[in-house]
Amino acid sequence: MKEPLISARQIKMSFGGVEVLHGVDLNLYPGEVHAITGENGAGKSTLAKIIAGVHRPTAGELVLNGQPTRLANPKDAAAKGISLIHQEPLTFPDLTVAENIYAGNHPRTKARLVDWKTLREEAATTMANLGLRLSPDAPVKGLSVADQQMIEVASALTHNAQVLILDETTASLTPKEVEELFEIVRRLKAEGRALAFVSHKLEEVFEICDRITVLRDGSKVAELTTQDSSPAEVIRHMVGRDIEATAVTRHHKDQAPRLSIQNLSVPGRVHNVSFDVKPGEVVALAGLVGAGRTDIAHALVGATKMSSGTVQIDGATVEIKTPLDAQKKGLALVPEDRQHHGLLLPLSIAENATLPILENLFKFWVKGSEQVSISKEWIDRLRVACVGPMQPVGSLSGGNQQKVVLAKAVLTKPKVLIVDEPTRGVDVGAKSEVHRLIRELASEGLAVLMISSDLPEVLAVSDRILVMRAGKLVAEYERDQATQESIMFDAAGEAAHAS
Amino acid sequence: MRKILTRPEFVPAVLLILAFIAGTIQSPYFLDVRYLLDSTGPYAETGLLVIGLTFVIISGNIDLSVASNLAFVACATAKLAQIGLPMPAAATIGVLIGGLLGAFNGALVAYAKLPSFLVTLGTLALFRGMAQALMGSASVQVPSSFVGADRLDLPLLGVPLPFGIMIVFVVVLGLTLHRTIFGRWTFAVGTNEEAAFFASVPTPAVKFRIFVLAGLLAGLAGVLIDSRLGVARFDHARGLELEAITAVVLGGVSITGGRGSMIGSLLALLLIAVLKTQMILANITSEVQLTVTGTLLIVAVAITGVATRLSAPRKA
Amino acid sequence: MLAKVAKSREMRTLILVILVFAIAAFKEPRLLSASSISSILLWIPLLTVMAVGQMLVIVTRGIDVSVGSMLGLSGMLTGMLFRAHPDLNLALGAGASLGIGAVLGLINGGLIAWAKIPPIITTLGTLSVYRGLTFIVSGGHQIDSNNIPSALTEWSLRGPVTIGGVTLPWLLVFALLAVGLGYFLTNKTVLGRNLYAIGSRPEAAHLRGVPVGKSVFACYVICGALAGFAGLLYASRYGFVNPATAGSGMELTVIAATVIGGCDVKGGSGSVGGVLLGCILLGVVNVALAVLGVAADWQVLVYGSVILIALGLDAFASRRQAKEVAA
Chain A
1 MKEPLISARQ IKMSFGGVEV LHGVDLNLYP GEVHAITGEN GAGKSTLAKI
51 IAGVHRPTAG ELVLNGQPTR LANPKDAAAK GISLIHQEPL TFPDLTVAEN
101 IYAGNHPRTK ARLVDWKTLR EEAATTMANL GLRLSPDAPV KGLSVADQQM
151 IEVASALTHN AQVLILDETT ASLTPKEVEE LFEIVRRLKA EGRALAFVSH
201 KLEEVFEICD RITVLRDGSK VAELTTQDSS PAEVIRHMVG RDIEATAVTR
251 HHKDQAPRLS IQNLSVPGRV HNVSFDVKPG EVVALAGLVG AGRTDIAHAL
301 VGATKMSSGT VQIDGATVEI KTPLDAQKKG LALVPEDRQH HGLLLPLSIA
351 ENATLPILEN LFKFWVKGSE QVSISKEWID RLRVACVGPM QPVGSLSGGN
401 QQKVVLAKAV LTKPKVLIVD EPTRGVDVGA KSEVHRLIRE LASEGLAVLM
451 ISSDLPEVLA VSDRILVMRA GKLVAEYERD QATQESIMFD AAGEAAHAS
Chain B
1 MRKILTRPEF VPAVLLILAF IAGTIQSPYF LDVRYLLDST GPYAETGLLV
51 IGLTFVIISG NIDLSVASNL AFVACATAKL AQIGLPMPAA ATIGVLIGGL
101 LGAFNGALVA YAKLPSFLVT LGTLALFRGM AQALMGSASV QVPSSFVGAD
151 RLDLPLLGVP LPFGIMIVFV VVLGLTLHRT IFGRWTFAVG TNEEAAFFAS
201 VPTPAVKFRI FVLAGLLAGL AGVLIDSRLG VARFDHARGL ELEAITAVVL
251 GGVSITGGRG SMIGSLLALL LIAVLKTQMI LANITSEVQL TVTGTLLIVA
301 VAITGVATRL SAPRKA
Chain C
1 MLAKVAKSRE MRTLILVILV FAIAAFKEPR LLSASSISSI LLWIPLLTVM
51 AVGQMLVIVT RGIDVSVGSM LGLSGMLTGM LFRAHPDLNL ALGAGASLGI
101 GAVLGLINGG LIAWAKIPPI ITTLGTLSVY RGLTFIVSGG HQIDSNNIPS
151 ALTEWSLRGP VTIGGVTLPW LLVFALLAVG LGYFLTNKTV LGRNLYAIGS
201 RPEAAHLRGV PVGKSVFACY VICGALAGFA GLLYASRYGF VNPATAGSGM
251 ELTVIAATVI GGCDVKGGSG SVGGVLLGCI LLGVVNVALA VLGVAADWQV
301 LVYGSVILIA LGLDAFASRR QAKEVAA
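Chains as they are written, first to last, in this note's numbering: chain A, 1 to 499; chain B, 1 to 316; chain C, 1 to 327.
Treat the hints as calculated values from the structure; they're not laboratory data. Heads up, a few of these hints could be off.
Said to hold, decoys possible - Here are the simulated SDA-like pairs of lysine to any residue, each with C-alpha atoms no more than 25 Å apart in a straight line:
#1 A/376 / B/179
#2 A/329 / A/431
#3 C/266 / A/142
#4 B/113 / C/316
#5 A/75 / C/177
#6 C/116 / B/107
#7 B/113 / A/431
#8 C/214 / B/306
#9 B/113 / C/317
#10 A/328 / B/133
#11 C/116 / B/10
#12 A/376 / B/306
#13 A/117 / C/181
#14 A/110 / C/177
#15 B/276 / C/139
#16 B/113 / A/12
#17 A/305 / C/316
#18 A/431 / A/75
#19 A/141 / C/317
#20 A/321 / B/93
#21 A/376 / B/178
#22 A/413 / B/183
#23 A/2 / A/20
#24 B/113 / C/314
#25 A/305 / B/115
#26 C/116 / C/177
#27 C/188 / C/206
All figures in this text were calculated on a predicted structure; none of them were measured in a lab.
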């Protein structure tokens, strides 16, 4: 058997005391495309970033061409022939295509000046080799994401990259663009380079990859060859995990919907989505990252503009332009990005929890004691581990931070609660508490829309499951009818179904 | 202990005490309360700018145009009086003009979403230029009945009127900043504007109102300077924005927003007043005082930067 | 597409230059007199030398409002040097002014790149510090014309090249050299290209291995050196250096010229050609105002409006672009 170009051995990685990779091995061979796949949060991107020098692992080693090696930073990795192609390419909109290929690495003349002649010629050559039909002198501003990724590939090749890692590169590409990218991937493979393809789109994995490593919860659970495997087998490895279902009583079949959405569209992200959520019901929105689920959540609370569609709450059409409108109409969101959208980290728990309802609580003067007593109630109910309501939320653990975000949303007394990835980066104990709380709130009559990429969570907590793919609703299940496999098939695309 | 050390008021309070001690050693006049109070006139005006800028900077923005705003209002008020408007009406219109200029800044920052330092750098020139275009290099006399508010003592308290006005605003707006919904919103916007928006804070309206407030206060300062100096000129209070911004950041307001207190700003204003008094007693020219203020500004930002990092919550 | 936009921005400025000149000349033919033209030509060089430095800073999303004070302090120190050594070689004097400016810029750059103090705060602080230092070193006294060697003052009258009886004064030659330097830096050096990458997308520049701190530091040093050199040109042009007025308020003119010349204040774009046109535009406006009798009283108003209009145009352009991308 061939020697691997680069090997990752027993890689462990922790962020803020939480281990997200538990000793993972990976070998990338020359002339091979190796898929790294798994559910959201399985550790795929973290592993990719370690191999590309973005993160340094807490334990384990990288072996490059048989030599143990340390990567100081991405530039060091690039110099050693390892390049990462990002989902959001690292390009400079104001610079030309040719210069973007060489940014940070301009060729120089003998006088140490920029060698524009070489730069243009070699950029043109590299692009020609890749079959790229872009003018080297065109600015990058206005180019498609696909073209910008190609520029990053070209940039990697000017470093003579032997190892290329494509991190969710196809997430925002059209099918035609994906085909063009794959054409280039095949060419690079034929040249004897080692490629890693990080993706959970199995259709694409089976089209382009030779070998598949499946990660689940930060551990490697399988290494398969594409030839001898099938999407069904990969999905079995990806999802083989269960969460105890929360006991549910469901009797909302005949009730009028609390939240009703018709033909909601967000330009370029969501296309004509319609669905209902009834009081007491938890509806899950499943799908891959980038399928448009968060865009729906943001459009519902007025953080993103919708281009068309109507939203009704209890049968009345509502117009929502800002989160404040949403709150007045009885909608509350627990945002996906806790650090940037959910919390004001330096401020206290009490301050955070009561920020949206200051105007309901007080006329003019804010009474700190009241903020404290109100948040105290929820700290106790949600069992937030903290010194007291005055503790800054930034010093809480992820799980406890999430409970504060939930408390904040619930304190607005919503009729409809939208939770976006409610347990991401949350430890196991807090996770089940969050699940319990969501069920409790539903049983009190709230309509809950839960966006989650965690399939066991979807199956354990929701009553009904909607699956989105590429901005459209593609499937709907009652909870008893759905399995992790069936949801995954719908989310990943038709090709996965066929095989 | 750590809590006291990281409070925004800590640094200015300590420095103020040190400056007082140094001042008493330096000159016997220094502890003459009457002398100190009589020299508060200009600081009342600076103080009004400081109060407005405390809100602006805590919200994560900056307003470089306040001193130019002040000058334009001073000129406009004097002109209005000159063409025969009764002084109370002229003064009221003057303050409102200040608010209007603030609203112009606010609209460009909050609704056109332009960076505040560039907008207010432009309006720093624009407002000053408007004053100059209005007045030329002439100075316009203010009606004599209106002159000399700074030599008027408030009954009972015995402090000069402008200083009294400033203190009233410090108290009222200090309470607004620290005890009202609007104040909480100001801190929220400065801490993380996006998260504040998601938490139903009407972020553009908050920013807009803060700039209007800063404009109104600058306008009031413009009226007060007319009364104190008796004449209006376009180059009144040139460069005063520097002193005001220095006081605010020296008072522990983080230049990146989200942190600070009204008391801190007031203490830092007093500190600057004490330092300037000392420099005047030591016959240091006003131009040289500039060097001190400029250095203070940079040092203060560096110090609050460190303090903010110290007080930032440690990750669990 | 960008080349088009950049070109159109420069075109925009050029058209404005012609328009302003034509209207003003129509209303007041005296503007076409040799003395008016030469006063425009002598006003522009100072501005241009400083604007080239400011452009480098604005390209990185920074700003330097201390340039006027750097001009003052360097002009004062160089003037004092000439007062003490009247026979000093002019080239040495020029070197001194550049060096003094570079040191002042070094302080700005250090505070911004490594102490991470926002550029506007840093340079607002040093604007005062440098102005105050000008008073301290001079004791508040101005450098009079009899202290400045006539060889230096002749820079603004005589020059190395005479074309058809018209002498190209040294002052203009230096301005062209500064433009040449700006062109060289932004087009031929890795440093210059890195400045554009930083202003275009700072976080990506860091990940792509661009030395962000060093580059930002360098652009403030260069900006300072050019402002320092402008101090010497000031002494040459005006024949005296007053600690209060030399360069005072000049930062607004410089920034106005830079942004109207097409430097996007959000960084990443701007060309020396555009900046030169911006300087010419302000020069024409300035002299036109004087000739039209509006006098100096309206200057500051004009600069302020120019900055705000340029800001507004940028915001409008980027909003329209955002819409195009979404559609």
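Status of each hint after checking the structure:
no., hint, result
1, A/376 / B/179, "20 Å, holds"
2, A/329 / A/431, "29 Å, violated"
3, C/266 / A/142, "17 Å, holds"
4, B/113 / C/316, "11 Å, holds"
5, A/75 / C/177, "36 Å, violated"
6, C/116 / B/107, "29 Å, violated"
7, B/113 / A/431, "39 Å, violated"
8, C/214 / B/306, "22 Å, holds"
9, B/113 / C/317, "13 Å, holds"
10, A/328 / B/133, "49 Å, violated"
11, C/116 / B/10, "23 Å, holds"
12, A/376 / B/306, "32 Å, violated"
13, A/117 / C/181, "21 Å, holds"
14, A/110 / C/177, "24 Å, holds"
15, B/276 / C/139, "19 Å, holds"
16, B/113 / A/12, "43 Å, violated"
17, A/305 / C/316, "19 Å, holds"
18, A/431 / A/75, "38 Å, violated"
19, A/141 / C/317, "13 Å, holds"
20, A/321 / B/93, "36 Å, violated"
21, A/376 / B/178, "21 Å, holds"
22, A/413 / B/183, "24 Å, holds"
23, A/2 / A/20, "30 Å, violated"
24, B/113 / C/314, "12 Å, holds"
25, A/305 / B/115, "23 Å, holds"
26, C/116 / C/177, "32 Å, violated"
27, C/188 / C/206, "21 Å, holds"
Violated hints, in rising order: 2, 5, 6, 7, 10, 12, 16, 18, 20, 23, 26; the structure is consistent with all others.
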